[in-house]
Structure formats: C-alpha cells, structure tokens
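Undergrad: Under my numbering, residues 25 to 151 are what the sequence shown spells out, in order.
These are calculated hints, taken from the structure and not from any lab test.
It is possible that part of the hints are untrue.
[What the hints assert, rightly or not] Using C-beta positions, here's what the derived DEER-type ranges look like:
(1) Arg96 to Ser121: 29 to 37 Å
(2) Glu66 to Pro94: 18 to 26 Å
(3) Ala148 to Lys90: 26 to 34 Å
(4) Ala98 to Ala149: 25 to 33 Å
(5) Glu120 to Ala147: 21 to 29 Å
(6) Ser84 to Leu142: 15 to 23 Å
(7) Pro82 to Phe41: 19 to 27 Å
(8) Thr151 to Ser76: 35 to 43 Å
Quantities reported herein were computed from a predicted structural model and do not represent experimental measurements.
Positions of the beta carbon are idealized from the N, C-alpha and C atoms, including for glycine.
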Amino acid sequence: MPEPKKDHRDLLDLLKFELRFLEDGGYGHAPHAARRASRVFEDSLTCMNFNSQDERQPCSACLLVKLVPPNRAAEQIPCRHTPLDAAGQTLASLYESGNQLEIEEALGNWLRATIRCLEQERAAAAT
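Kindly produce the complete structure, drawing on both the sequences and the hints.
TA: In structure tokens form, the structure reads like this:
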C-alpha cells in the first residue's frame, strides 16, 4: 500500500484561501449543487481529496485535522467536527439543524477568528 501523501501547505494560507472561497460565494456555485448541498472544506480546494481521481488520502494527513478535537480526529470526515464557536457548534451539527446561510455565517466567523489567532501567534513568535 502506498504511503499517504502529507499535506505540506501552510495552515494560515489554507484558512485564508478558504475564507476567500467562502466570501466569493464558492459554496453557492458548486457544480454538484443540483444533487446535494455543498459541504464545507470537502467541496473546495482546501480538501486534499477534492475532485481527486487518485486514491483517497486519509484525513489524518490533512492540516485541518490539527483543528479537530483529538477525540473526534478518527471520525470518517474529522473536519466536520471542528468546534466553530464557544457553544461547540460544528459543521456536523449545523448540517443537521442549520441552513446554508447559518453554516456560512458560522464558518466565516470561525475562519476570521482562527486566522486572527494564528497571525497573532506568528507575530508573537517572530519577536
């Protein structure tokens, strides 16, 4: 069995890309929209397996797994279990009870806060 590919992208850059994708309406313009609702991360270039014709890479190799609670990292799609707010709301819980607007709003707020935090950590480490 081949060694899984490691995700060597920068987490901060990845999250900034995802925020731009979200703000540009990326999830509203997904080509499969007629078949099912868009799935955050999975339906953007952020996902290592997005549109992959190759063998699927394990989510454990993805940068986003760093943001998933350790007890949820073994889930089939761990990025759905990343807490998006202080109440512990996740994509998985929003898929069950929220609409697309609520999902995108929660995701945007989380992305901006996480990006800000990572930028502050890097600035502090650079001094």
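Undergrad: Against this structure, judge whether each hint is valid.
TA: Structure-based check of all given hints:
A C-beta distance of roughly 18 Å is found between Arg96 and Ser121, which places it outside the suggested range of 29 to 37 Å. Distance hint check for Glu66 and Pro94: the Cβ-Cβ separation is about 21 Å, which falls inside the suggested range of 18 to 26 Å. A C-beta distance of roughly 18 Å is found between Ala148 and Lys90, which places it outside the suggested range of 26 to 34 Å. Look at Ala98 against Ala149: about 30 Å separates their beta carbons, and that is inside 25 to 33 Å.
Distance hint check: the CB atoms of Glu120 and Ala147 are about 37 Å apart, inconsistent with the given range 21 to 29 Å. At about 21 Å, the beta-carbon gap between Ser84 and Leu142 stays in the expected band of 15 to 23 Å. Between Pro82 and Phe41 the beta carbons are some 21 Å apart, a value that agrees with the proposed interval 19 to 27 Å. Checked against the given bound of 35 to 43 Å, the beta carbons of Thr151 and Ser76, roughly 40 Å apart, stay inside it.
Checked against the numbered hints above, the structure violates hints 1, 3, 5; every other hint is satisfied.
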